[in-house]
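So the sequence lines, in the order shown, correspond to chains A and B. Note that the numbering used here numbers the first sequence so that position 215 is 215, with each residue one more than the last. Note that the numbering used here numbers the second sequence so that position 240 is 240, with each residue one more than the last.
In case anyone wonders, no lab produced these hints; they're calculated from the structure. Bear in mind that the values here come from a model prediction, so they are computed numbers and not experimental data. Ideal Cβ placement from N, Cα and C applies to all residues, glycine included. Certain hints may be false.
As the list claims (entries may be wrong) - A short, non-exhaustive set of chain B residues, derived as facing chain A with CB atoms under 10 Å:
1) A126
2) P300
3) P301
So the chains spell out like this:
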Amino acid sequence: MNPLTSHPGTPEVPLVQLLTPTGQRVENPDHDFAGDRAEIESLYRDLVMTRRVDTEAFALQRHGELGLWPPALGQEAAQVGSARALRPHDFAFPSYREHGVAWCRGVDPAQLLGVYRGSEMGGWDPADHQLALPNIIIGSQALHATGYAMGLTLEGLVGTGDPDRDSAVIAYFGDGATSEGDVSEALDWAAVQQAPVVFFCQNNQYAISVPVASQSRVPIVQRAAGFGMPGVRVDGNDVLACRAVTERALQRARDGQGPTLIEAVTYRMGPHTTSDDPTRYRGAAEVDEWRAKDPIERVRLLLEAEGTPPEFFTDLQAEADALGVHLREACQRIAEPDLAVLFDHVFAERTVENDQQKAEFVAWRDAIEGSVA
Amino acid sequence: MTVRMSMVKALNTGLRAAMERDPKVLVMGEDVGRLGGVFRVTEGLQKDFGDGRVMDTPLAESAIVGTAIGLTFRGFRPVVEIQFDGFVYPAYDQIVSQVAKLHFRSQGRVRMPIVIRIPFGGGIGAIEHHSESPEAQFAMTAGLKVVSCSDPNDAHWMIQQAIASDDPVVFMEPKRRYWETGEVDTESAPQGLWSSRVVRPGKDATLIAYGPMVKTCLDSARAAEADGLDLEVIDLRTLSPLDLEPVFESVRRTGHAVVVHEASRTLGLGSEISARITEECFYSLESPVQRVTGFDMPYPPSRAEHDFLPGLDRILDAVDRARAF
Ligand SMILES: Cc1ncc(C[n+]2csc(CCOP(=O)(O)OP(=O)(O)O)c2C)c(N)n1
Chain A
1 MNPLTSHPGT PEVPLVQLLT PTGQRVENPD HDFAGDRAEI ESLYRDLVMT RRVDTEAFAL
61 QRHGELGLWP PALGQEAAQV GSARALRPHD FAFPSYREHG VAWCRGVDPA QLLGVYRGSE
121 MGGWDPADHQ LALPNIIIGS QALHATGYAM GLTLEGLVGT GDPDRDSAVI AYFGDGATSE
181 GDVSEALDWA AVQQAPVVFF CQNNQYAISV PVASQSRVPI VQRAAGFGMP GVRVDGNDVL
241 ACRAVTERAL QRARDGQGPT LIEAVTYRMG PHTTSDDPTR YRGAAEVDEW RAKDPIERVR
301 LLLEAEGTPP EFFTDLQAEA DALGVHLREA CQRIAEPDLA VLFDHVFAER TVENDQQKAE
361 FVAWRDAIEG SVA
Chain B
1 MTVRMSMVKA LNTGLRAAME RDPKVLVMGE DVGRLGGVFR VTEGLQKDFG DGRVMDTPLA
61 ESAIVGTAIG LTFRGFRPVV EIQFDGFVYP AYDQIVSQVA KLHFRSQGRV RMPIVIRIPF
121 GGGIGAIEHH SESPEAQFAM TAGLKVVSCS DPNDAHWMIQ QAIASDDPVV FMEPKRRYWE
181 TGEVDTESAP QGLWSSRVVR PGKDATLIAY GPMVKTCLDS ARAAEADGLD LEVIDLRTLS
241 PLDLEPVFES VRRTGHAVVV HEASRTLGLG SEISARITEE CFYSLESPVQ RVTGFDMPYP
301 PSRAEHDFLP GLDRILDAVD RARAF
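Make a model of the complete structure from these sequences and hints.
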């Protein structure tokens, strides 16, 4: 499907593409992926492992181990490509679907499961991974990212020319999120402040059941101009292009040249979440069209043509299987939440009232358990 | 004629009846059209009434309520759906600063017949932002009316009456009761939207609840029978304005009052209700008004919600505490 058909009457905006669905490298005058084969193999590994996390978690949900799961199936290249463009000291603000970003930021994928099992509400220490916690309220993280970026500027960590100092931020959100006021406010403020932030919109064509044309009259990338920042539209199923485009935008940000809006045109192959029924709002033919643009398959074709030995693929398969085992085991080990402990984290500085309610709860529970025993 | 149906279906048939009756009634919200809403409350409405009257909106809560305000200036009666309780806050400014105040500011010249439907409360094992109880934040806002249905029959009638009301109504739907079925009398005279009701008469103590906790209180009352206790259960229905006369009348008879809600305790509805009972029934009370509520913490992860939410044991314990006073 031509994604532009969803915006009838608007001029076509070219997609940056460096690798076709059949595995052919293509040139782009403005963007280039300079990595060697080893680099591409490493990206491929991230794609495969991300997909494995996703399929494994999906299966865990179907087995009743998770209450819910938002699959990233089909969006691996957008996530891995962009996240691999980050440097360790850059910071990322995700939504709830960025499992591939979490993978690239070094989060143990098992830490993604607790939230969806209903056992916890976070997952990791943001400072450990330079990655904020998953954000469910649509669009608000775009403002958080802008604020973080303003902080970088205030601290003089932008435009120094020192690659170990200069830093940038990336905010992830979906096509639907662009309708929220928060996202417009973030784009505006970041542009006015020339904040070092990259807005990475994964246009996966749907906000639950609502197609992107019902969220935006123009291709999302075109909004950038109105706010006063460059916009780049990239093939979101092309990991090389996503990587190249994001790297360039992040570098602009680190250099003090301000924000960029990237629209990665991709497709959510699965349901919105495991509770969703996508057959109510889209046809099988459309899904099949996108299946032919799979983000992983094209990299495999390229690598095979470039001479990557078959062992690489079999080893990777084994590694993915091991990750699957790890996830299944780790899921079983996730501790049950204890309300008594949760009281301790309502505030940094405890209150009398808080302590009283905790004591009341603990006494109540002890009494119940005493009466049961 | 009575028909057995779920609360989802009861709301659906209520919306349908209101739309058939009045062509100015519109339904708007995220995913309410093609998908029929994430809970399917609006299922089939777009097919039958068209996408002009049942609109899939952009993903923008402030815009959903803000445009509904504009539509009322053209005489429309928008029924907007906020997909989940925790997503109402982007619209909070429009609701509190605009919807609640326009009638007052215009000295009655502007009407705001908007219904804001919010699936609320916990108990369904959801992730964060999907189990909140923000009703007090709206009930304490002068200019808004706030109601909550507790069973399919009330849901069917209350939604129609809320739509017919010329005032803005925040309509809190207890999502954990969405799939429970009950008899709906589709031809009876409408029930009283603005009046609380005694759902179970009793003489030993009064349980006061609304929305999801009404059933929990009824279950508690049934369990208490085994101990020879006869508990009265009152469903408030309307949270703003509160209809407390039946509550006072009951407490004067039973001498004991227990207010039950899922929302956090401090400054929850229970605070207001117990203050009012104390003011009105001081000499009839044999014990202080008890509150059984959620704790003062953000809603916990769902596998801890059974400890957070009031259940039978905590309710009956409060009854015992009151009676042993
Ligand atoms: C403020 C708010 N409103 C509504 C929702 C419910 N909701 C969750 S995901 C979603 C669709 C999001 O679509 P998009 O931004 O395109 O991201 P995607 O899920 O496709 O990655 C909606 C409406 C929410 N999480 N937050």
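Hint-by-hint comparison with the structure:
no. : hint : verdict
1   : A126 : holds (7 Å)
2   : P300 : holds (5 Å)
3   : P301 : holds (5 Å)
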